[in-house]
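Residue numbers (the numbering used here), protein chains in the order written: chain A, 1 to 315; chain B, 1 to 315; chain C, 1 to 315; chain D, 1 to 315.
No lab work stands behind these hints, which were simulated from the structure alone.
It cannot be assumed that every hint is accurate.
Just so you know, same-sequence chains aren't split out, so a pair can sit in one copy or run between any two.
The calculated lysine-lysine pairs, modelled on BS3-like cross-linking and capped at a C-alpha distance of 30 Å, are [claimed, not checked]:
no., residue 1, residue 2
1, K135, K73
2, K73, K49
3, K287, K147
4, K147, K221
In case you want the letters, here they are:
There are 4 protein chains.
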Amino acid sequence: MKIPVIVTVLSLSLASHAAAQSWTTPTDAQRCPSKWGAADQRGAGNHMKPETVLRATRLIRTGETFELGRALKSDMPFSVGRRFQMETKRTNMNAGANRRGSNEEIVFTEIGQVGTQFDGFTHQTIGDSLYNCVKVADVATRNGFTKLGVEHVGSLITRGVLIDVAALKGVPMLGDTYPITPDDLQQALQRQKLTLQPGDAVIINTGWGRLWDTDGARYLKTNPGLTTAAAEWLAKQDPMLIGMDNGPVGVTPEPDPALSNPVHQIALVVHGIHLLENLKLDELAGKQVYEFALIVQPLKIQGGTGSTVAPTAVR
Amino acid sequence: MKIPVIVTVLSLSLASHAAAQSWTTPTDAQRCPSKWGAADQRGAGNHMKPETVLRATRLIRTGETFELGRALKSDMPFSVGRRFQMETKRTNMNAGANRRGSNEEIVFTEIGQVGTQFDGFTHQTIGDSLYNCVKVADVATRNGFTKLGVEHVGSLITRGVLIDVAALKGVPMLGDTYPITPDDLQQALQRQKLTLQPGDAVIINTGWGRLWDTDGARYLKTNPGLTTAAAEWLAKQDPMLIGMDNGPVGVTPEPDPALSNPVHQIALVVHGIHLLENLKLDELAGKQVYEFALIVQPLKIQGGTGSTVAPTAVR
Amino acid sequence: MKIPVIVTVLSLSLASHAAAQSWTTPTDAQRCPSKWGAADQRGAGNHMKPETVLRATRLIRTGETFELGRALKSDMPFSVGRRFQMETKRTNMNAGANRRGSNEEIVFTEIGQVGTQFDGFTHQTIGDSLYNCVKVADVATRNGFTKLGVEHVGSLITRGVLIDVAALKGVPMLGDTYPITPDDLQQALQRQKLTLQPGDAVIINTGWGRLWDTDGARYLKTNPGLTTAAAEWLAKQDPMLIGMDNGPVGVTPEPDPALSNPVHQIALVVHGIHLLENLKLDELAGKQVYEFALIVQPLKIQGGTGSTVAPTAVR
Amino acid sequence: MKIPVIVTVLSLSLASHAAAQSWTTPTDAQRCPSKWGAADQRGAGNHMKPETVLRATRLIRTGETFELGRALKSDMPFSVGRRFQMETKRTNMNAGANRRGSNEEIVFTEIGQVGTQFDGFTHQTIGDSLYNCVKVADVATRNGFTKLGVEHVGSLITRGVLIDVAALKGVPMLGDTYPITPDDLQQALQRQKLTLQPGDAVIINTGWGRLWDTDGARYLKTNPGLTTAAAEWLAKQDPMLIGMDNGPVGVTPEPDPALSNPVHQIALVVHGIHLLENLKLDELAGKQVYEFALIVQPLKIQGGTGSTVAPTAVR
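Build the full structure now, drawing on both the sequences and the hints.
Next up, the structure:
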């Protein structure tokens, strides 16, 4: 078992990166209006066009599908303060001569932020300001947001690219606090002989997902993830969304102790790029499926900050 | 305004049909094991194979997508006893030097049975018996079902066919209790020059969906829908799922007053065919998009009876 | 039927009062520390002592009890954004040889602020400051407050005095926006030959409660209630709590359009006096029970802002 | 530390009792109509009369109150499938010139069956039959019960008697599965020089409550409690309610493995006697307060099976 040794080595590299990588929050003036226009609510979702769909579906050659979503259940790993609680309801028993019975369920959950989840733009702020400098106070209501809600996103179908950083490093799973750098991403792409294109769904495999069902406490405590530099490099590639097999997407803990998950801000607030979290990537990575059509249908939760989802990769 | 007149005529035709169409619930011996095998939990979901996906994606020529899902909100039409209630949660304010704020939402809802929804096989019974004669008492728990839960379904991608019965009848919307017959379906297909194939997603436009946002009370009170004869005819065509722009799929009220929504039983319990309800079909019907790739990703609610969804048609 | 006429007259008096009565929010320096000490969390609850209990129980001569609480149900009147939703759960059926069945219910509700309710001190603020100048930011968590929560209150047993202002005015119900003045309170007490004592539960009958079951929309739209002057006068009498047969306690709309329910602030934030709302007072008023033991047991909701309750008057 | 030794001895006595004590479920004919009449919905709540109140309040000599309720919080011990989840809601910030802020909370909980709780008669059945042979199917709805709901109970004020079985045995806490017998109860009463009277609130101290905050898992796993013989003996004394410092009231596990908590049935279904569970009795027992006024105000949950409560003893 060489994994612990490798983990140690990779973790050591963290220390040297930490000093270099710290990130300065852009001012409103620096980041607004967004490149999609001052009134824009869609951000990188604007990449979703008929030609984007065709670019994706052209990659479908075998019709094989890969489920990237986790089962929703009460004992899956949750960020602090979240849950998924469900009660079965039997609502009819033996109705009519046809003895029709009916069952349904009631749930209590942070529907936008549990399980495999898609982040919309109301999920994160810099101070009191959302994507495109929309002010929280202007759009927040008790029951959702009047702008930037996840109902505006629509179904997304685009070229998906899996960047397997764990494979690049020759490990099944990156170290507990491994910071993924721009170099890591570029080397992994080179190894996979792929380049990114604007509008892609960039999906990054860290191997961390193998803890989802086996060690939820460790899954939540820390995670390998993007450095701010890697997040900024990715943002420059102009993707539609960034996905990963952990919740924070950014490395946890963030190497700069003064910062609180800046990667979430870089993607959602600064650049208007959606995040896909807690993905199940073992099959894609195991079969080395690096290029595919990525399909995700966020629920149209009016004014919602995100949506639990069940995305699919098709090749 | 000729619509009321037409409605009256169509409603009159109901009376003559009613006597003829009544349906006898099959015994367990008559319907089990299902044609997919005694241990099967997937029913018509078994049609979902790589070649099914390819058959669907080959229909994608322009990359144009149509959103078939309704926005999820507290004031949409609900069947009795259901709701969608959401409270915004501000969970971080100005965390870190990067002043990260975070929002999420808590919901209380019948997640499998609200809005545009996908029905799994635990939703309906005949007496104490589900699809493939699985007994409710053997699989029901307080928190879901140990068999036949909607988490087994997976993403579905198949050829979608819109049967526009309203267009066949020359009306924007069928009458309030219009019973769709096998003849109606066959004539509409003939008019559209299409035939059904096993594994199709058969989507039926009644026009009823135009009441969703404008008159929820009427939307819920009655609805045009399938007769039991039409449901049985459709089942013989061996589709993967049946979708409609209303909730019950069957005509409401059911013409035979002794029966309680037998169409739900015919599809879900007897034949193992999924249902897609409360679809938004105005764009598809308006642009006469009759053949397309239908994509739907039910949430993987463990042990769930169904899932609210945001399906897409792509052509 | 003279009521409408009287209502008009009483409402006219509102206009003349409006100009005179406006209230200036005290500064933190003016109101803190509270008279109960800088570290105090109990406010007027400090009146609850053994001798207070004895003073109350000495008033019990017949043992007759009056239920002052409303039934909790989904269709009672709610302030905006609140609800009480309940689903029956059958959790056992025929367990054991003794065939034990078990039922329970799941609810989704603003438990501190629905139905007949008791207000704790975290319910209201002046700016970012609670009773005794505790700062919201210092004590608020996602799941309640670390100080001033309703769990600190304990059961209250004290002398209750019903001030029947409707009876004073000779009407079954005060006008829709009738502003109760200090004079009204004093005249009503004189008419009832009673004086207030420190630590009393002062319960005010406006007759508005008769709308609870019959016209919830009107019940919520406006209500007769205290002017700020009356609230300040009451506060000077040093009661343990103030109760009323409406939700806001203050007259609604507040006559000074610049202010938002200042009476709630006067009681809860400035003086640390609890409020009891949506009381059922018809029996007490009908039988002219003006002095009694008032008993209320707020639920010990940890960190809660209040509690739905079922108080009792005993004489 | 002698406790473990004593526990062992007491537990051994269990084995000898087990064979003797088994209980036969009465038939409907044997138990109905109840002694309170065929249409009765109040059971032993019928003891609540003015003279009962006076009998209780006459016991109040010092005005000292004892809080018998536990704080309601998400990490208290719960029976399987229950929870108390609360989210703080900030619903106003700086409204008006008076800068009024407002907070409330949303909860998701089995409101009738969490924390210190009062059991109504719809909580338990024998087969499909409730107290007084009301059939579940006749009164159960999705949202509560149309008969026997806890809203009918009203506030209860009666003589309370603490039977301290732990003190009788000379231990701070009875053994994990200690079965309380009729002899135990009678000897404890004799030791305390008290006799029971019809209509009493009989509160039994086992000491088990000291685990509530310190070892919730052990608190729930087993508990000392009544044998069926002790429950039947108590029922013959005709109390208004039986209270205890555990959840099941009956000893757990029930010595007869064929039976599922028969003590719940004996009290609630057979004899119509209410139960008060998870009481905090340490202060009462510590100060040897054996006779007092017991006051409990169940929430008026329409159609509810019970209510979380905050009862008080006053002496």
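Results of checking the hints against the structure:
no.	hint	verdict
1	K135 <-> K73	between (34 Å within a copy, 23 Å between copies)
2	K73 <-> K49	between (34 Å within a copy, 27 Å between copies)
3	K287 <-> K147	between (40 Å within a copy, 29 Å between copies)
4	K147 <-> K221	between (33 Å within a copy, 29 Å between copies)
The structure shown violates none of the earlier numbered hints.
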